[in-house]
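Q: Take a look at the letters that make up each chain.
Number of protein chains: 2
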Amino acid sequence: METQGESIHKVNFATPRGFTTAFKSDLKETLFPDDPFHEFKNKPFSTKTKKAIQYFMPIFEWLPKYNFRLFKYDLLAGITIASLAIPQGISYAKLANISPIIGLYSSFVPPLIYAIFGSSKHLAVGTVAACSLLIASIIGEKVSPIENPELYLQLVFTATFFTGIIQTAMGFLRLGIIVDFLSHSTITGFMGGTATIICLQQLKGMFGLKHFTTKTDVISVLHAIFSNRHEWRWESAVVGIIFLVFLQFTRYVKQKKPKLFWVSAIAPIVVVITGCLFAYFAHAEKHGIQIVGDLKKGINPLSINKLNFDPKYMSATLQAGIITAMVALAEGIAIGRSFAIMKNEQVDGNKEMIAFGFMNIIGSFTSCYLTTGPFSKTAVNFNAGCKTAMSNVVMAFCMLLTLLFLAPLFSYTPLVALSAIIMSAMLGLIEYEKAYHLFKTDKYDFCICMVGFFGVAFISMDIGLMLSVGLAILRALLYVARPATCKLGSIPDSALYRDVEQYPETSGVPGILVLQLGSPIFFPNCTYIRERILRWVRDEQANRDEGSDIEHILLDLGGVTSIDITGVETLIEVLKAMEAKGIKVALVNPRLEVMEKLIVTKFIDRIGKENVFLSIDDAIKGCRFTLKHSKQFADINV
Amino acid sequence: METQGESIHKVNFATPRGFTTAFKSDLKETLFPDDPFHEFKNKPFSTKTKKAIQYFMPIFEWLPKYNFRLFKYDLLAGITIASLAIPQGISYAKLANISPIIGLYSSFVPPLIYAIFGSSKHLAVGTVAACSLLIASIIGEKVSPIENPELYLQLVFTATFFTGIIQTAMGFLRLGIIVDFLSHSTITGFMGGTATIICLQQLKGMFGLKHFTTKTDVISVLHAIFSNRHEWRWESAVVGIIFLVFLQFTRYVKQKKPKLFWVSAIAPIVVVITGCLFAYFAHAEKHGIQIVGDLKKGINPLSINKLNFDPKYMSATLQAGIITAMVALAEGIAIGRSFAIMKNEQVDGNKEMIAFGFMNIIGSFTSCYLTTGPFSKTAVNFNAGCKTAMSNVVMAFCMLLTLLFLAPLFSYTPLVALSAIIMSAMLGLIEYEKAYHLFKTDKYDFCICMVGFFGVAFISMDIGLMLSVGLAILRALLYVARPATCKLGSIPDSALYRDVEQYPETSGVPGILVLQLGSPIFFPNCTYIRERILRWVRDEQANRDEGSDIEHILLDLGGVTSIDITGVETLIEVLKAMEAKGIKVALVNPRLEVMEKLIVTKFIDRIGKENVFLSIDDAIKGCRFTLKHSKQFADINV
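So the sequences go chain by chain: S and A. Going left to right, the first sequence walks through residues 1 to 638 as the UniProt record's numbering numbers them. Going left to right, the second sequence walks through residues 1 to 638 as the UniProt record's numbering numbers them.
Mixed in with the good hints, there may be bad ones.
With a straight-line cut-off of 30 angstroms between C-alpha atoms, the simulated DSBU-like cross-links for lysine-lysine are [claimed, not checked]:
no.: 1; chain 1: S; residue 1: 576; chain 2: A; residue 2: 576
no.: 2; chain 1: A; residue 1: 72; chain 2: S; residue 2: 65
no.: 3; chain 1: S; residue 1: 609; chain 2: A; residue 2: 576
no.: 4; chain 1: A; residue 1: 576; chain 2: A; residue 2: 609
no.: 5; chain 1: S; residue 1: 581; chain 2: A; residue 2: 576
A short list of chain A residues far from chain S (calculated; beta carbon distances all over 12 angstroms) [to be verified]:
no.: 6; residue: 99
no.: 7; residue: 169
no.: 8; residue: 274
no.: 9; residue: 449
no.: 10; residue: 484
no.: 11; residue: 625
Calculated directly from the structure, the hints in this document are not laboratory data. Backbone N, C-alpha and C fix where the C-beta goes; we use that ideal spot for every residue, glycine too.
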């Protein structure tokens, strides 16, 4: 043994850090885990200010170093995503039951804002289907977009404004932590459910229906489709299916040959243009194929005067604002991060929130509705080889040209083409494999995912989301309520002690029971931990032969990250119970926070410093002398 | 080093347990932590059934072995707690705004039920102040006890019935876990706040007021007292203060000389009797000292027909039922446990719940309101040397005699005497020292406590309780959202690696960064853990001299009890990020559950079995060969 014959290693009983010190470090870990200010340390003031500006406006970090070589890439990427932005803008605007032009507006201003404040190089700004539908469903309940489009639009802008405020606030308050509670399982389920109902809703466009429901659950959507059977138009359906097949084919091509990603990237704009030409020459509207209708020229009008804070609608707009803020952040940040990981760059979630927030606040002043970093667009941007946020600027410029000159041309876009575009986009969001993977690997995660999916599909998007999150949090609580403890045995020819269940070859130590406690030890799991320890002892005494009953119990706290008062009281109770049984208790390797708590609560004095050890091996050495059967012990301790 | 020259220890990559196996063990840990069936294992059927009956009706376990020697103790204890039960019964009934006789009834039937089903030897059954007031405040909002006493009484019984149902259900569903979420801090704060407002309410009795408020918050209670200044009667106040001083003095005596506990135990009945005599001979009621008023002879009438399930009041009764159920359980179980600990016996929380449940269901059929194991009574019972639940039977018998013959005598009890009894009992529940202890040891626990206290005192009992629990749960979530990770260094002359912050004498290992991850790793903390690891690496690269940059990073998972999909994905992301930096990642000692998850998610295949080690020491040996500067390494590795 490495410490054979040596003195036992000293445990650090240094006096605990002061409250402020401990509190500061906790606060830092909670709110600044990524230590955003590490660059500011011991730098002259000028550098500090420069860094600060660069920190809040990353554009000043990359623009100076910007050159034409980089621009070539960004130009290509920018044009590509612009070609995606036009059809998506129009379609998702329809999804939110607002005029298509708003969709185009939303791809002009926000990208410029993001280019200034955004920290991700690959993120492409745009509207997203899920949030568009969320807005439509929440605000649609209060005001009908058909009967009162003006008021409806006002509320949409207001909701966007709230979204922006909430995102900015969260960013400044470093509340990225809240977004962490949207687990991958939740998002998978939520996205899948949303995609499903969005696809169903597109059947409206596919079949060229005039009347439809504002509800979003499967039942009422299906009902709306079949109850309006008489409105079905085969012409529309045929055209739609042709477009859909084409789009899916391009996706297939991309999957087969990733280098041909641009095929699927430009496919939507191709569909729109062919759709327009077809509609224009074939007078499609006469054959029951509806078209988008007039789109005025000109750039975003101001909409700051349209913000509507009438308390009557406040609840709805706020609800929409909060929920979409969460969803948009979850999608935007997750995506920005995942691409950054690929390129091994860092994305500051909280900084991103602030960028998104500004984006939506200013957007709501300039006739834009909710924008974030949509997955499809960002992926295209990434594949198109963008190098900086400049690609967003390029896109914005293209949108400017479109708004100034081309907008009217798009007025011929057949709705069915848009439906096809949305459907094919959504079909990509239903991740069967991932759900199956969850099922294979973690049943509980699978439940969370399914609750999200069916909740969204059959009740409503927000309720579905909340149910799924609630379930996930319940699990989080169960985790902390039942931390795994295990019995350790010594691994032959080593000073290692491991879980006997995991390593059956381990041998127990006569007279000594070694337990590893789970983490953290605090009020929700104290009763459990005590019961469990008592049970270990009971079982042990039952199993061991009469000769050698337990004289010592070692509690390995090495894995315990924190403990609270109730936890300490539990340890004391265990101590009493053991003393009553005539068993000595020793602690092994309490970590910093735990040791501090044990010292201030006088527990260390209670148990005695001589009974706290740095390693199990030391502890056993410490106990062995007092053991009745040190003979047996010697045998195993070679 | 212990494994110098030896082959590195093998890690167990056994194929994971099947879902059912894992699920079963999880379920067992969650719902049966105390393994209640351990006695049933491999026993013949006859024994099993016997054990089963004994399990559900502990009386069959101790009664057969019962003898006269034990009975002597129980008889004394029983009489003592009966002498406490009479005044407490009457006073707390007044607190719940119901007829005093109900209080006496409640000390007759429930103790008998508990004697059959209860598993604690020391617990004495009775009514409690907190719950009495809770019921009064919740039901009082719906129905006024003065204007409509009959309906009010019905609702009290109904609430009691619900309490019983809930407790029983929780017991059978093994939901003791819910009670675990009432932390000591919460209970301290809640009890303190309750005691405070109860004391204030007693001023009504003290000053002999006729009119008062049904509200329970400090403001309205104080207002009610001073707005009725004209009703104050000095006679009443004088008598009250004399009684109070006497009671407090006996408590003081008990604290000084624990052997004289019986002095404070019988003090209440003494107060009541002297009060009665005084009131009878001095015609106290003529001098503004109100008395209890007529108490009819006879035992509990049936009240099953009084249960009122009118949906109009359902919400109130249910709310009262649920909240009081929680509070009563928290008090009852906590107390039962703490006394069992002293005597080193085991109390099964879930079994206790069932016992309490039956107690209250049958109670609600027989004109009893909510009963549980009150602290004061149980302590007295314990001190009086009770040996089995028989003491409850004795108490019930005494109550029987009282109801049959003595009840009318108590009708002369002055209200002021009862107020004095309640006040002195409550003063004992305000634990300043404990609050101060919390302040010294854990600021956050102190906040939870204070929120409970002020919430109860200034808003309302249920809201105060919920706020406090909510805050506690928020903390639980923060715990899991920010598990402490730390950097490990090697302790000189040993194979031990410990937190460098805690053990400054440790030396880093050139070229290798060793991190210990917190537990558990799952969705709420994944982002944090990734950010944190990246930060460790960044700081490390910044600090280390140019010569030796990091080539390996070891993640010590020894303390990680569980991991979910999101967690595994995070590890993969870390892996990618490190590979991009040209740093190799190795895992150390993943525990059973973690290893299983890593295997099914194919993570092990991704990282390679050769990069998973059983101990940090092994891992470093494994890495060293590939290290550029094994020279440096050799230096520290003597």
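Q: Now tell me if each hint is right for this structure.
A: Taking the hints in turn, this is what the structure says about them:
no.	hint	in the structure
1	576(S) with 576(A)	violated, 49 angstroms
2	72(A) with 65(S)	violated, 93 angstroms
3	609(S) with 576(A)	violated, 44 angstroms
4	576(A) with 609(A)	holds, 17 angstroms
5	581(S) with 576(A)	violated, 52 angstroms
6	99	holds, 38 angstroms
7	169	holds, 18 angstroms
8	274	holds, 40 angstroms
9	449	violated, 9 angstroms
10	484	violated, 4 angstroms
11	625	holds, 20 angstroms
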